[in-house]
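Chemist: Protein chains in written order, with the numbering used here: chain A, 143 to 365; chain D, 143 to 365.
Some hints here could point you the wrong way.
Identical copies go unnamed one by one, so any copy, or any two together, can satisfy a pair.
The calculated BS3-like cross-link candidates involving lysine-lysine, where the alpha carbons are at most 27 Å apart (straight line), are [unchecked claim]:
id	residue 1	residue 2
1	K157	K260
2	K340	K316
3	K251	K154
4	K310	K341
5	K251	K304
6	K353	K233
7	K304	K233
8	K154	K260
9	K231	K309
10	K304	K245
11	K256	K233
12	K309	K350
13	K231	K310
14	K233	K350
15	K154	K256
16	K304	K243
17	K341	K245
Source of the hints: derived by calculation from the structure; they are not laboratory data. Model, not experiment: these values are computed from the prediction.
There are 2 protein chains.
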Amino acid sequence: MFSELANISIFKGLKSAEIVQLLNSVSYHIHTYEPESVIAFSSDNSSALFILIEGHVRGEMTSYNDKDIVISEIHAPDTFAEGFLFANKNKLLVNIIAVTKAKVLTIPKDELLKLLNKHTQILNNYLNITSNRFVLVSEKLKFLMFNTVRVKLAIYILDLEKEFPDKKSFRLGKTHEELATLFAITRPALTRNLLSLKKDGFIEINNKEIKIIDREGLIQLLN
Amino acid sequence: MFSELANISIFKGLKSAEIVQLLNSVSYHIHTYEPESVIAFSSDNSSALFILIEGHVRGEMTSYNDKDIVISEIHAPDTFAEGFLFANKNKLLVNIIAVTKAKVLTIPKDELLKLLNKHTQILNNYLNITSNRFVLVSEKLKFLMFNTVRVKLAIYILDLEKEFPDKKSFRLGKTHEELATLFAITRPALTRNLLSLKKDGFIEINNKEIKIIDREGLIQLLN
């Protein structure tokens with residue numbers, strides 16, 4: 143188990159032996175969850191850092207009409223729900239559900255704070271993790287402001303083009319799975335819309351490389 | 143100027159004299175911006191902590207069809223754009239514009255890291271600030287997933303009711319301005335929709351206190 147932890151971003155740069163020593167210096171708990179069981183409810187207060195050692199979990203928002211929206215999927219080894227830990231309003235906002243059998247190590251907030259205070263490397267890692275999460279949620283926010291999948295894709299592709307100013311074609315940068323999660327839609331809907339942009343002559347797709355054929359047309363889609 | 147800094151959350155718990163001493167131990171810059179000038183572009187990399195000492199700024203996302211969406215408004219004294227600072231993809235994502243004349247102190251990332259390493263209180267404050275921002279963006283995400291303002295309001299009010307299980311009526315908790323920003327709509331649209339929920343008999347509003355009259359009706363709105 144401890145050898146797995148060396149691959150996790152919060153312990154990046156540390157040796158397995160150091161991680162064991164660190165964990166022995168704080169109090170932590172390990173729980174195992176069955177598939178589809180709830181690890182934490184959206185109304186729970188965030189009071190510990192969750193480290194997923196084994197398995198696969200999802201975070202989902204439930205609305206009152208019982209439509210659940212999957213916000214994120216986390217595969218071991220990784221941390222989750224760390225973004226809310228130090229907030230004044232520290233409710234989780236998402237239900238955390240085990241997709242497969244899952245093993246979770248929790249470090250209470252106060253114990254984590256001790257680690258952050260003592261170990262510059264862990265502090266760096268933690269700031270990097272939470273900042274990356276913030277970027278992910280902010281990007282998601284940007285795409286949710288636009289209603290249709292076609293528009294979301296058009297913006298994503300136009301943004302991507304700007305990152306490769308010297309190239310005529312570029313890779314999508316994310317899997318269809320990751321893009322679907324970013325846009326809060328299903329994977330088939332993502333693929334269908336990507337192909338329709340191709341069929342309608344806005345883009346070409348060759349060997350996973352995207353080329354913009356009709357830039358003006360893509361921009362017109364946004365109106 | 144330094145007495146103002148004692149009121150800012152990153153320096154919470156520190157005396158003015160300590161703050162002066164801290165700032166003298168790092169390199170920082172101060173810039174002044176005219177109203178409607180750009181402090182930072184969305185494509186800029188986040189490389190410093192911004193501290194707004196005087197004035198009022200807004201963050202807005204620009205889309206390709208030149209519709210700008212105001213994401214947040216920050217009034218001095220406060221920090222801004224701190225969420226992206228330690229991310230791998232650390233582009234700001236929003237343009238930061240001075241609304242009034244604005245005075246901004248910047249501390250480069252490396253210098254900030256030194257402060258976080260040395261001062262437990264500043265570390266606590268910084269984790270608290272970034273976590274609060276994460277909660278704000280996550281809440282915004284939740285509301286953007288629902289299309290109409292009526293539905294956003296219905297969810298907000300039903301959530302609020304759960305926070306006051308023993309009360310028959312409760313305060314809105316945010317100003318109309320703050321709610322409009324949360325829902326990414328204009329303030330008049332917010333007020334109009336709130337009044338229409340009242341007119342249609344879903345809620346009563348008395349002296350800023352909300353009372354749910356037709357809970358089933360509110361839940362039906364979500365379908």
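Chemist: Are the hints correct? Go through all of them and say.
Modeler: Hints versus structure:
In this assembly of identical chains, K157 and K260 lie within 27 Å of each other by CA distance both inside one copy and across copies; the values are 16 Å within and 24 Å between. For a Cα distance limit of 27 Å, the shortest separation of K340 from K316 inside one copy, 18 Å, qualifies, whereas the shortest one across copies, 45 Å, does not. In this assembly of identical chains, K251 and K154 lie within 27 Å of each other by CA distance both inside one copy and across copies; the values are 19 Å within and 20 Å between. In this assembly of identical chains, K310 and K341 lie within 27 Å of each other by CA distance solely inside one copy; the values are 19 Å within and 56 Å between copies.
In this assembly of identical chains, the alpha carbons of K251 and K304 lie at most 27 Å apart only when taken from different copies (26 Å versus 40 Å within one copy). Taking the closest pair of Cα atoms, K353 and K233 come within 27 Å of each other only across two copies (24 Å); inside a single copy the shortest separation is 43 Å, beyond that limit. Taking the shortest alpha-carbon separations for K304 and K233, only the inter-copy value of 13 Å comes in at or below 27 Å, while the best intra-copy value is 37 Å. For the identical chains of this complex, K154 and K260 are neighbours both inside a copy (15 Å) and across copies (21 Å), given an alpha-carbon limit of 27 Å.
Taking the shortest Cα distances, K231 and K309 sit within 27 Å of each other only across copies (20 Å), while inside one copy they are farther apart (45 Å). In this assembly of identical chains, K304 and K245 lie within 27 Å of each other by CA distance neither inside one copy nor across copies; the values are 41 Å within and 31 Å between. In the homo-oligomer, the alpha carbons of K256 and K233 lie at most 27 Å apart inside one protomer (22 Å), although the nearest pairing across protomers, at 30 Å, exceeds that limit. Proximity of K309 and K350 under a CA criterion of 27 Å is satisfied intra-copy only: 14 Å inside one chain copy versus 57 Å between copies.
Taking the shortest Cα distances, K231 and K310 sit within 27 Å of each other only across copies (23 Å), while inside one copy they are farther apart (46 Å). Taking CA atoms no more than 27 Å apart as the test, K233 paired with K350 passes between copies only; the shortest distance there is 25 Å, against 40 Å inside one copy. In this assembly of identical chains, the alpha carbons of K154 and K256 lie at most 27 Å apart whether taken from the same copy (17 Å) or from different copies (20 Å). In the homo-oligomer, the alpha carbons of K304 and K243 never lie at most 27 Å apart, since the shortest distance is 41 Å inside one protomer and 32 Å across protomers.
Taking CA atoms no more than 27 Å apart as the test, K341 paired with K245 passes in neither setting, with 45 Å inside one copy and 51 Å between copies.
The structure fails hints 10, 16 and 17 (numbered hints given earlier, in ascending order).
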